[in-house]
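Asks: Below are the chains, spelled out letter by letter.
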Amino acid sequence: MMVNKKSRLGHFISQAVVLIIGIVMIYPLIWMFMSAFKETGQIFHTATSLIPEKWTLENYANGWNGVSGVTFGRFFLNSFIISGLGTVGALVSSSLVGYSFSRGRFKGRKLLFALMLSTLMLPAQVLMIPQFLWFNTLGWVGSYLPLIVPTFFAIQGFFVYLITNFMDGIPKELDEAAKIDGCSFYSIFARIILPLSVPALITAGIFSFIWKWDDFLGALLYVRGTINFPASLALRMFSDPSTATDWGAIFAMSILSLVPVVTIFITLQRYLVEGISTTGLK
Amino acid sequence: MKKPRIILAMLLAVMMSVALFGCTSSTQPPESAPPAESSPAESAPPAPAEDTADELSGNIILAWWGNPTRNEQTTEVREMFQAANPGVSIEELTVGWADYWTQLATLAASNDLPDVIQMDISTLEEYVGNGQLMDLTPLIESGQIDLSNVPEAVVGLGRVDGGIYAVSIGQNAPAMIYNKTLMDELGIDVPNNLTIDQFVEISKKVYEDAGIRTNFALSDPSNPLEFLVRGDMANMWVNPAAEMFQPFFELVAQGASEGWGYDPASFIGRAGVVEQDPLIAGGELNTQSWVTFGWSNGLTGLQAAAPEGVVLAMAPYPSHNPANSNYVRASMYFSIAANTDNVDVAAGLVNFWTNNVDAHKIMLGERGVPASAVVVSTITPDMSEVGAIMLDYVSMVTENSTIPYALRPAAAGEINSQLRLVVDEVAFGTITPADAAASFAAFAGNLL
Amino acid sequence: MKSKKFSLIGFLKEDNVASVVCVMPFIIGFLAFLIVPMLLSLYYSFTNYHMIRPTYEWIGLDNYRNMFNDPRFWSSIRATFYFTFTSVPLRLLFALIVALLLLKSSKLVGIYRAMYYLPSILGGSLAVVILWGRIFHQDGILNALLGLVGLNRHFAWLGDSRTTIWTLILLAVWQFGSSMLIFLSALKQIPDSLYEASSIDGASRPRRFFKITLPLLTPTIFFNLVMQTISGFLAFTQAFVITQGGPRDTTRFYVLHMYQTIFQNQRPGEGAAQAWVMLLIIGAITAILFKTKRFWVYDGGF
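Residue numbers (this note's numbering), protein chains in the order written: chain A, 1 to 282; chain B, 283 to 730; chain C, 731 to 1032.
A couple of the hints might just be wrong.
[Unchecked claim] Simulated restraints, written as ranges between beta carbons of each label pair:
#, chain 1, residue 1, chain 2, residue 2, range
1, A, R8, C, I841, 14 to 24 Å
2, A, I30, C, G880, 19 to 29 Å
3, A, I30, C, L761, 40 to 50 Å
Hints in this document: simulated from the structure, not taken from any laboratory.
By construction, the Cβ of each residue, glycine as well, lies at the ideal position given by its N, Cα and C atoms.
With the rest of the complex left out, here is chain A (with noise of 0.2 Å):
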């Protein structure tokens, strides 16, 4: 009886902790979601309150307009393409790639893994006036160019990782049973191996959107010209301190941002979980 007793009050205890613990963290989201509803000078003098005063969609208005002409419309086509296109880029090569890894079988594999893995500790920092340079030897500054073609070369050692470790995970019985079928290295992969990595594929695909999507100094040193500007880097010029002070515009446009990325979570969320869940990364 006193042990029952005892146990559910902690139990209380925890799930109230618990609880609390969650809504302060979630608050600030909460917050910047209302503000963006409020009359952009009211936000600070009544922020305190989550309830907006008086209702407003010119906010997103506003904020909508965007920069010089091009609206936060064109700034997120720019973000989804970038994103897109740099995302089907890890997939395929990340793919191509790990499989090589799990099932392939030639002289240097266990170097090359090494050499994938110590790419998992390299700085991106480290690298980013040197990739500049290179890309700029290539011509490819003023163009979205850096910003995609590298991802279809698998440099990412987090989603070969992801994924090698993934097929490891796919009974090599499947393989044998399809070989002595008559199918090719390449038909295992395509036929066996890849539909069965999708949950991993998954995985990958939305962490490489969400960091291609934050991304906004890659979009600084090589995008040219407001047009071709993706969402991030249009915030940031939004919002920088010389520039703007529409705060109800800025948040409109912050939550906006934020939208693909959430709407992702909610969605995927099951993959995410199993994918950190088994890779122990990130």
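Please arrange chains B and C on chain A, whose structure you already have, making use of the hints.
Replies: Showing chains B and C alone in chain A's frame:
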């Protein structure tokens, strides 16, 4: 047997990858194709100036840093120019001040500078020195850029090493913008050309009577510092010495110890944000300032953002030698890239910007006093009250200044950033004014 | 090749050839986008390369010398170490505690998990970084809330050199959700039989935690520690957007320092040198962490 096979496999893989690569670039929609790659190719054929004298055609890129008002105005004027020259198309590149220089540096590195570039006094020399900008002298002589209505002194603002590499698109002068309403309430008169002592006296009185502080060193400390140094007929960007800087740091220390100096901690997040300027932002008394050390053209924005009933006014920064200290500078320039593919259109745009009265009826001095005297006199009736004050102020300073403004060297950005750090340390009391002056002079001397 | 008929298709279908074909994108990418830029960067670190100057010269070790003589470099080292070695342990600790709490509450675990994980997903976004700056602004949300409960509502969180870095640490800790998920799944993999055995032995709960749970989690903790330490050293966006390194350089993170060296001070050569030094620092820290591994990381099976 085995080796050639592997090599062959590698070759094929390369080919496959190349195919993949090709596929990425072609799946990119045409409208998002980079300006840098598309514009030269398209604009090359119709470029020659010979075909018709006044029909401009071709593509150029126009780059500027801005704020929402300036962006709107710039776009509008750009459209006017295009309407007048149907064969011209202009692509815009605009970002905030800080990112602007990052972008411009990467563009210069890739030999891809925009055709018409908004330039600043602190970067002009560096870009010219590295051969990135075009000498406009021939264009000015041929009349393609008509500066006949621009006073000689203003034309001279764009002179570097004997060439003219930039055309001012607005002049301004250092201006101490203050809360006139408050000063009237307190019975304080702020005359033009205060001495340092008078300035300190006013600051103390405002603090004692109203509890409001004085922000003179935080917005951009290099401006008041340079102003003081000019009073001694010295150029801090050429031979920095501790004696030049010590009076300024002493002022900072005095303000901090006596309480009237603005607290750097409260200034975070306010730099460059008009609405957040302690002059007009309101809030606790000790986070307010009666003054801000800015530029004459800043008055418009500050007055517009000021609370109702607050009238702002301006006066030159304090100095022991105002005639030496005061100056008029180009608040911004337009330059043309050395490697532009379309000199004629670029020059046409700069010319339009300098001389077109209708364009200036839209901009109304947002970038500063227009370069052309004709433009100034034509738009004066259209100017608001604040705009008229601004024009008067700059002409007053023009008459009362004796030493022309010298361009800042390339290292100015880094030196400024160090200065900001040292000012904070002095205000915080971790370093004495004498040590601050010595260490700052050494730092600057090292870079110059 | 002799007389054997050569078939291209057949050749490509051989397993070892096919494996190489499949791994080829990585080999090419690794060379083209990592090795080449790294070598270039090493080379540039010995030159006075300048973004807007067409020519440059070999200047030997000058960049390295300048960099170590720059007091702001040491400020950046201090800020970066401080940030990394507070935010990473705090984040892991927090993640572990919440994971343990969540392990028990069975009903709403899905909702809580989502609630906690959302910040990790959004944390890299500029929108959140901008928001964070407004929370701690002098006229921001936190002070408004403090005023509501009658506390001092005018403290400049982002202006005081004692508190500013903590606002950034908090932003990092706020994103503990992904580590929490990792801990959760690791906790679930601990077989119940171990606990059953120990409860028969009469072990108390804390004892069970320190004797069973924690040791079995150490490999997970270790792995996260290494990866997050590395990413802690690479912190950039939050300082770039919120503090610009201030006040008094207390949040001048290494990468921000590097960025400013390259773009504000126009010395990409020195920036490249800094990048290499950072690589060495990260390598050394990782190596040290691996050295300590055998003292605290459990490497037996269950």
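Asks: At the C-beta level, are I30/A and G880/C separated by a distance inside 19 to 29 Å?
Replies: Roughly 24 Å apart at Cβ, these two residues keep to the hinted range, so it holds.
Asks: Just tell me: holds or violated, for the beta carbon distance of R8/A and I841/C against 14 to 24 Å?
Replies: About 21 Å separates the Cβ atoms of R8/A and I841/C, which means 14 to 24 Å holds.
Asks: Given a hinted range of 40 to 50 Å, is it respected by the beta-carbon distance of I30/A and L761/C?
Replies: 48 Å, holds
Violated hints are absent here; each numbered hint is respected by the structure.
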